[in-house]
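Put together the whole structure using the sequences plus the hints.
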Amino acid sequence: MKQALKKFGLPRIIIVTFFILLLVAAAAYGMDMPSLISDVIRRFGMFGVLTLAMVPSVQAGVGLNFGISMGVVGGLMGGVLAIELRITETLVQNWSGSSNAFLINNGPLLAMWVSILFAIAFGVFVSLFTGYLYGFIMNRVKGSEMTVTTYIGFSMIAFMNIIWTILPMTNGVLIMPNAGEGVRQMISLDDSFREVMSNTLSFKIGNFFFPTGLILFLALSCFLVYLFMRSKTGLAMSAAGANPQFAKASGINVNRMRMTGTVLSTVIASAGILIYSQGLGFMQLYNGPLMIGFNAVAAVLIGGATPKHARISHVLIGTFLFQGILTLGLPVANFMVPGANMSEVIRLIVSNGIILYALTQSGGKRDD
Amino acid sequence: MTKKTLFSKIWSALFDNKVVLFFVVLSGLAIWASGQPLSFVVRELFTRFGRNGFVVLSLIIPVVTGMGLNFGIVIGAMSAQVALIFTTHWDLVGIGGFLITIALATPIATILGMLVGLLFNRMKGSEMIGGMVLSYFAEGFYQFFFLFVIGGWIPIVNQKLIISGGIGVLNTVDLTKTIKYALDDVTMQSLLYVLFVAVILVTVLTIIVKRIHKEPIDVFAAIRRIVWVAVLVGISFIPEIGAWMGQKRIPMVELIKYGGLALIVYFVIDGFINLFVAKKEGYRWQKLLKNVIIAVILVGLTYVPTFAEIVQTTNVPVTTYGVIAGLWFFNNALLKTKLGQNMRTVGQNRVVANAAGINVNRTRIIAMIFSTVLASWGQLIYLQNIGTWSTYGSHVQIGLFSIAALLVGGASVQKATSNQAILGILLFHSLFIVAPLAGNTLFGNAMIGEYFRVFISYGVIAVALAMHAWKQSIKPQLRRGMPDVKPLTANSSTALKK
Numbered sequence: 042m043k044q045a046l047k048k049f050g051l052p053r054i055i056i057v058t059f060f061i062l063l064l065v066a067a068a069a070y071g072m073d074m075p076s077l078i079s080d081v082i083r084r085f086g087m088f089g090v091l092t093l094a095m096v097p098s099v100q101a102g103v104g105l106n107f108g109i110s111m112g113v114v115g116g117l118m119g120g121v122l123a124i125e126l127r128i129t130e131t132l133v134q135n136w137s138g139s140s141n142a143f144l145i146n147n148g149p150l151l152a153m154w155v156s157i158l159f160a161i162a163f164g165v166f167v168s169l170f171t172g173y174l175y176g177f178i179m180n181r182v183k184g185s186e187m188t189v190t191t192y193i194g195f196s197m198i199a200f201m202n203i204i205w206t207i208l209p210m211t212n213g214v215l216i217m218p219n220a221g222e223g224v225r226q227m228i229s230l231d232d233s234f235r236e237v238m239s240n241t242l243s244f245k246i247g248n249f250f251f252p253t254g255l256i257l258f259l260a261l262s263c264f265l266v267y268l269f270m271r272s273k274t275g276l277a278m279s280a281a282g283a284n285p286q287f288a289k290a291s292g293i294n295v296n297r298m299r300m301t302g303t304v305l306s307t308v309i310a311s312a313g314i315l316i317y318s319q320g321l322g323f324m325q326l327y328n329g330p331l332m333i334g335f336n337a338v339a340a341v342l343i344g345g346a347t348p349k350h351a352r353i354s355h356v357l358i359g360t361f362l363f364q365g366i367l368t369l370g371l372p373v374a375n376f377m378v379p380g381a382n383m384s385e386v387i388r389l390i391v392s393n394g395i396i397l398y399a400l401t402q403s404g405g406k407r408d409d
Numbered sequence: 009m010t011k012k013t014l015f016s017k018i019w020s021a022l023f024d025n026k027v028v029l030f031f032v033v034l035s036g037l038a039i040w041a042s043g044q045p046l047s048f049v050v051r052e053l054f055t056r057f058g059r060n061g062f063v064v065l066s067l068i069i070p071v072v073t074g075m076g077l078n079f080g081i082v083i084g085a086m087s088a089q090v091a092l093i094f095t096t097h098w099d100l101v102g103i104g105g106f107l108i109t110i111a112l113a114t115p116i117a118t119i120l121g122m123l124v125g126l127l128f129n130r131m132k133g134s135e136m137i138g139g140m141v142l143s144y145f146a147e148g149f150y151q152f153f154f155l156f157v158i159g160g161w162i163p164i165v166n167q168k169l170i171i172s173g174g175i176g177v178l179n180t181v182d183l184t185k186t187i188k189y190a191l192d193d194v195t196m197q198s199l200l201y202v203l204f205v206a207v208i209l210v211t212v213l214t215i216i217v218k219r220i221h222k223e224p225i226d227v228f229a230a231i232r233r234i235v236w237v238a239v240l241v242g243i244s245f246i247p248e249i250g251a252w253m254g255q256k257r258i259p260m261v262e263l264i265k266y267g268g269l270a271l272i273v274y275f276v277i278d279g280f281i282n283l284f285v286a287k288k289e290g291y292r293w294q295k296l297l298k299n300v301i302i303a304v305i306l307v308g309l310t311y312v313p314t315f316a317e318i319v320q321t322t323n324v325p326v327t328t329y330g331v332i333a334g335l336w337f338f339n340n341a342l343l344k345t346k347l348g349q350n351m352r353t354v355g356q357n358r359v360v361a362n363a364a365g366i367n368v369n370r371t372r373i374i375a376m377i378f379s380t381v382l383a384s385w386g387q388l389i390y391l392q393n394i395g396t397w398s399t400y401g402s403h404v405q406i407g408l409f410s411i412a413a414l415l416v417g418g419a420s421v422q423k424a425t426s427n428q429a430i431l432g433i434l435l436f437h438s439l440f441i442v443a444p445l446a447g448n449t450l451f452g453n454a455m456i457g458e459y460f461r462v463f464i465s466y467g468v469i470a471v472a473l474a475m476h477a478w479k480q481s482i483k484p485q486l487r488r489g490m491p492d493v494k495p496l497t498a499n500s501s502t503a504l505k506k
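So the sequence lines, in the order shown, correspond to chains A and B.
Numbering of the first sequence is given in my numbering, commencing with residue 42 and proceeding in unit increments.
Numbering of the second sequence is given in my numbering, commencing with residue 9 and proceeding in unit increments.
These aren't lab readings, by the way, just hints derived from the structure by calculation.
Check each hint, because a few of them may be wrong.
[Unchecked claim] With the Cβ distance kept under 10 Å, some of the chain A side facing chain B (calculated, not the full set): (1) 181; (2) 187; (3) 189; (4) 325; (5) 328; (6) 394; (7) 400.
[Stated by the list, open to error] Taking CB as the label site, the calculated pair distances span: (8) B:471 x A:213: 30 to 40 Å; (9) A:211 x B:99: 48 to 58 Å; (10) A:261 x B:19: 56 to 66 Å; (11) A:268 x B:24: 46 to 56 Å; (12) A:226 x B:317: 36 to 46 Å; (13) A:375 x B:180: 34 to 44 Å; (14) B:126 x A:45: 55 to 65 Å; (15) A:45 x B:24: 53 to 63 Å; (16) B:185 x A:226: 31 to 41 Å; (17) B:24 x A:272: 40 to 50 Å; (18) A:76 x B:405: 30 to 40 Å.
For each residue, glycine too, the CB sits at the ideal point set by N, CA and C.
As structure tokens, then:
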């Protein structure tokens, strides 16, 4: 029992207790529980894929990937391109003239799907390159990946800030209201792919809304990653991450496996940000995704992962708890202290606290 | 043959200073592109030097102790601001209020620094990422404290501080009527008096300590030191000089000219005493000559019209600069003490240090306390100069920009000196001043320059960290894999003999 508790870890006990407390508090304050819970589920589905990006990098031995912003900016580029090309609008226009009854009925939703899938495809394409570059660096900074990835991620965001300001776009949704050049801070997805996944096959019971499409997509992503981790390459990758010396002795190219893990992590992150954005209803450019790596890392750690080992179950549990606390924390805190941004305080303390805890668990070598 | 070695010498010197050179070129280009007169850049630069110099210098000690770049200085800045909220509420003004704020911030920073040190001892090798995450973690508590505790649990009723609803501190607090320029406005004259008392106190204390330890006492040197300061104080009673020293800001041209002259007088007399009166053995007159020549050049420079034109609008807050210089001396002096030597040893190799009987963990904690306390003082110096305190923003970027400045000066994760810090501040901030303007002239968009300087800050840290990690993975036996075994066999015999 004691062993099991120790393995579970004190911070996790605190977090689970906190989550339950929030639930109880929300119920006690007489809040609209069904809609709150559907919010939690929706945010869980939105953020899940971003957290999933941690699994390949951790398993490959690269550690917690604070620099998923490398992939995130690729995904955002895909999103911007999809909006600039007006894929949704063009398709809806074309299809509304056709005689196909299915297309006429489901036209908008289908067009949105095409749009977001295009964006994801483009993001994945870009991320293959950035991920490769990134992996190249990772293989040269073994042992300090976390520190280096954080700052490379930050530099990438700062670099993209420059790019966003000079991109010559034409779509009115994208450009700054009073300037000819540059993309705006927040891009509304109303005309492109807002909540496309959440609305697909969704159903509503009273105030409870279940985003079936979103959850199915997350399940599919998890399943794909699971399949990959079970494949020959995936197993070799895990072996390389768990014990590089042993893996090398058994003929596994450790550096190549680390590369695979990094690229995969970057690619998943690029898809993840689009799924996150469609759920929010807008894309945040510039410094919006600056801390997204920290949140994803915190989520997977809350789920029970360590810097050396992460499973799909950690992703699902962690994202649910983390996003659950953030979603519930906002209304509950507002109820207790009106008008103040308590949810940000909770996010800062919970997410960074769990990362610190993980660092103390893995570090602290003795000196004698 | 000689030519080749000269060439290769120059080449290796260039290569060793590649970061510095890169930024010299970059800053130069940016200044040129911005189209600003040099006098403007220099004026801004020296304002910013006074503002940020202290914080950057507070980074040196942890680097020497092997804890890398201390991203945890943000916590020092936070403790300064916690102290500041109270002194602002009590309406403490001027230098007195500033000193009370310092006195209040120091214990807070000491306790927090100790906690940071304890935490870092549990994550050896990941101090940098740990420090960064810790600064965000502390940010959560900081916001909690400023948004909910103050005005909520600690009842503070003050319209200038609290949001009109009653809970939480305002976004910006105006310091104009409290501690703005509190330190900057302290005159050279007052500084001299403080220095005089301090020198006497320090001398007496050293003599007492040496007496207890039964070490030889250099009475002659002690007397000479006191006489020098006394002469300075005496000069300041001459009305003209007293009036000049009594100015709040002293023009840079005059400071260089008269400072240079004073230095020449000092060097000549001091050298004369050392050479002919004390007949000190092993006295290096070459060093004396070098110093005199440098001082003469400085004085001469003020007569060069172009130079005088560039610095003509620059006025120096003497005390702030004096305090920064004091930290510079402190950093260098500390490394010569036993504690400083221990820090160095711990920084080079913890295993060897442990084997030599040094309490590694304790040394590391002391280093963190030093750094955190100094950073909190530095933050107060920064705030008193800038005059408006953005409650939730002033401390956020301080780690990033200070560390980037230090790295630009040629420092690395493992090696940093006070001189590199000073060079780094000058280079980094000259880029910082002109980057938005350069962006405006080059691309017609000031935001590009703004983003560019943030990119440079992040980028220089990323590159420095990557280079450091790369070096380590090339020599894996140094730190990782089989940790610390090889250096032990290489150095331990000598270390243990000591």
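Verification of the hints:
no.: 1; hint: 181; verdict: 5 Å, holds
no.: 2; hint: 187; verdict: 5 Å, holds
no.: 3; hint: 189; verdict: 5 Å, holds
no.: 4; hint: 325; verdict: 16 Å, violated
no.: 5; hint: 328; verdict: 9 Å, holds
no.: 6; hint: 394; verdict: 6 Å, holds
no.: 7; hint: 400; verdict: 5 Å, holds
no.: 8; hint: B:471 x A:213: 30 to 40 Å; verdict: 39 Å, holds
no.: 9; hint: A:211 x B:99: 48 to 58 Å; verdict: 56 Å, holds
no.: 10; hint: A:261 x B:19: 56 to 66 Å; verdict: 58 Å, holds
no.: 11; hint: A:268 x B:24: 46 to 56 Å; verdict: 51 Å, holds
no.: 12; hint: A:226 x B:317: 36 to 46 Å; verdict: 43 Å, holds
no.: 13; hint: A:375 x B:180: 34 to 44 Å; verdict: 24 Å, violated
no.: 14; hint: B:126 x A:45: 55 to 65 Å; verdict: 28 Å, violated
no.: 15; hint: A:45 x B:24: 53 to 63 Å; verdict: 55 Å, holds
no.: 16; hint: B:185 x A:226: 31 to 41 Å; verdict: 36 Å, holds
no.: 17; hint: B:24 x A:272: 40 to 50 Å; verdict: 48 Å, holds
no.: 18; hint: A:76 x B:405: 30 to 40 Å; verdict: 39 Å, holds
In this structure, the earlier hints numbered 4, 13, 14 are contradicted, and the remaining ones agree with it.
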